[in-house]
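Enquirer: With chain A's structure known, arrange chain B on it following the hints.
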Amino acid sequence: MATTSAAPSRRALPFPVALARPAALVERNLRAARHYWLTFVSGFFEPVFYLFAMGVGIGALVGSVEVDGREIPYAVFVAPAMMATSAMNGAVYDSTGNVFYKLKHSKLYRSVLSTPLRPWDIAAGEISWALLRGLIYSAAFLLVAAVAGFVPSWWALLAIPACTLIGLGFAAVGMAATTYMRSWNDMDYVQLAILPMFLFSATFYPLATYPPVLQWVVQATPLYHGVDLVRALTMGDLHAGLLVHVAYLAVFSAFGLWATTRRIGKLLLT
Amino acid sequence: MSLIRGTGLRKTFGDFVAVDGIDVEVAAGESFGFLGPNGAGKTSTMRMIGATSPVSGGQLRVFGMDPATHAPAIKARLGVVPQTDALDEELRVRENLLVYGRYFGLSREQVRARTGPLLEFAQLTEKTDAVVESLSGGMKRRLTIARALINEPSLLLLDEPTTGLDPQARHVLWDRLFRLKRDGVTLVLTTHYMDEAEQLCDRLVVMDRGRIVAEGSPRSLIAQHASREVLELRFDAADHAERVADVAGIAERVEVLADRLLLYVHDGDGALETVAARGVHPLSALVRRASLEDVFLRLTGRSLVE
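Chains as they are written, first to last, in the numbering used here: chain A, 920 to 1189; chain B, 118 to 423.
Here chain B stands alone, though its shape is the one from the complex:
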């Protein structure tokens, strides 16, 4: 059963087209991602799904219902983690959950019973009565997620869940999201981090300028649009395009970035040996597995994070 089904979905603000006719379908239990740079239309799409932004064109059904006519019923079953935390700073940590639960019409007893386990899940039990402002960025994010779970949603929407967090906080958060996924919560998230998309998403769409440019599992997208490995070469050159000739014929494809060359190859170490054998000496060389970043670069000619 699909929880979300959008066909020819569009969002426009005046002349500006934020989402330009996309088709998406998310099944129950799935972990689905929108990957793309800022301004790709990810947040606009999420807000339409969350029934807080009217659809400009096409059709959208969430839990089989039309957001235009059944917004409160859809929202009752959703958990929303917005890009900026938007916690209630006039309330304490625990109160944020209590009050938010009441917005869903839950009884005080119900809300109270859920608060403890959720704070534990968010690893915030010690911060129960703390002022929200005193929390770290990672803690605030986890509290926002806990808050979004107060109505026991079957679908959780996360808009850039780890943007602005340090690496350690990101890993803690990913771990929490894995647990939710394991418990059968359908996750839909947006991200411009390819590692996050690889970690969390069963399936994803790559978005660029309001359109979907590719769709599939992270593995299949990489297999389809990139090679197995990537050799990164950094030269002492003002313009790396000048050095493309030096590596001609070694890779299936060469991508020129401002500060390095990317060689798409099957065997990175083998390619590096060939480069060295030609007498070409880069400042530095790195062999890595191909990632979604490479997929994006291939599809759009641009990097995800500018």
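The shape of chain A in the complex, shown without the other chains:
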């Protein structure tokens, strides 16, 4: 009987079935999160705390900043940066520590690969989960910032998908990087990459503050593109240059997804 039952090839799979595999992993994470809901909720507060500490507290000292010849209140300047940064932080948190635990300690992926799920399904499932989680945080953050009066434009709604793109890039690259980690100590390298980006990606002050050479360096980093994109959207400052940010983040994401899929196969299907 089995010899005749030629299995459908990967490409022949109908669309919903192809998505069902990563979705099963998302469902698994959702179930696990129910037992750890407090961690889930806490992810929302970090950027909100930053927003009020920086926007309101520091903002009272700074007053306003000048961006492209316009004076804007500091809180309006810093809110989109916090939104973009939290999209990065959330994605990195989910795709490094959590993934490392599943990869090395709980052997989750090893058992998942005994089922019809493939490395690509694992990458897609884990990253989708990080994005769904990030989506909720971004939306909640935007709501809080808007109510506080820090969001001048309705274009800000597009900041939510923009943050999803930022999350996609960082989750994918973060997960790929995690596959190279040998121990929890290696997680420090993640902080080493994240912290400078958080501080220097035109998050707390405009890019023009830097000398030209450093401006180039900052513009090469992914978070800068995320921050600038989200800021333009929340301020309603739409222009064709934003497509450069989108393209940068799309390539960053594609690279991460490709690398993650390859690495999981290499590590676990030996």
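Derived from the structure by calculation, the hints contain no laboratory data.
Some hints could be false.
Unchecked claim - Computed, partial: chain B to chain A, Cβ under 8 Å:
no., residue
1, Ser170
2, Pro171
3, Pro189
4, Glu206
5, Glu207
6, Val216
7, Gly222
Owing to the predicted nature of the structure, the values given are computational and were not obtained by experimental measurement.
The beta carbon of each residue, even a glycine, is placed where N, CA and C say it ideally should be.
Expert: The following block gives chain B in isolation, referenced to the frame of chain A:
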């Protein structure tokens, strides 16, 4: 019909040869075992069959399909019980089954309907909502088996199913595996316990250093490579080789272990009387039936469990 057919199957990791050209064929409904010590290549073979480890050489067909090209289709019909349980500790007992079933693309209703009977089968009904970490080793093993059955596989792969379990837990597990066998599930297992192989396998291969050194039913292997009974003699001696001369001519074959002599004989009690009649007095003597352990010792010159 053969569910598994491997010819000249090889697995190498760099220079290391884990599986060195083996031929295996497992028919539907059969209970088949790979017996051998650690490092014999059993797990590597199982992982190739489970389509989670690419074949390095030779040919392999599982359900008639090539694992290199049809891994998801093969996996959809397999149940896998890995050496370490690898249960999802972030989920409760029942959730482990629910979620695992979803990996196979089963609907929520289907999975829910199967969960109850499987927990009952695994004797874990009372632990339905328990945290996985709180389960005993035997319970975890049974949950892993229940989980592997969620897709109603026609072939169940068990890698050292009872390693690390106490004797009572092992017997409970064997009983469960017997039931599966009776229900027509094809079992393929690896073990380094000869009693387990004797209990569970219709047919087995003895593996050593990546090769198959013997093949047959447990009974035929014992008949072929060992005698009917074994007389074990323990002496007060630093080196038991010194005492071989004392028992010369009594047995078909004498095996010298670190702590005892094994005399392969047809009639153990008769042999013991002959030993006593010669005025040889061991510290202790034991007459037992020959086992697969003796077969392995004969074939490789080493014990199964070091």
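Enquirer: Out of the numbered hints, which ones does the structure contradict?
Expert: Hints that this structure does not satisfy do not exist here, as all of them hold.
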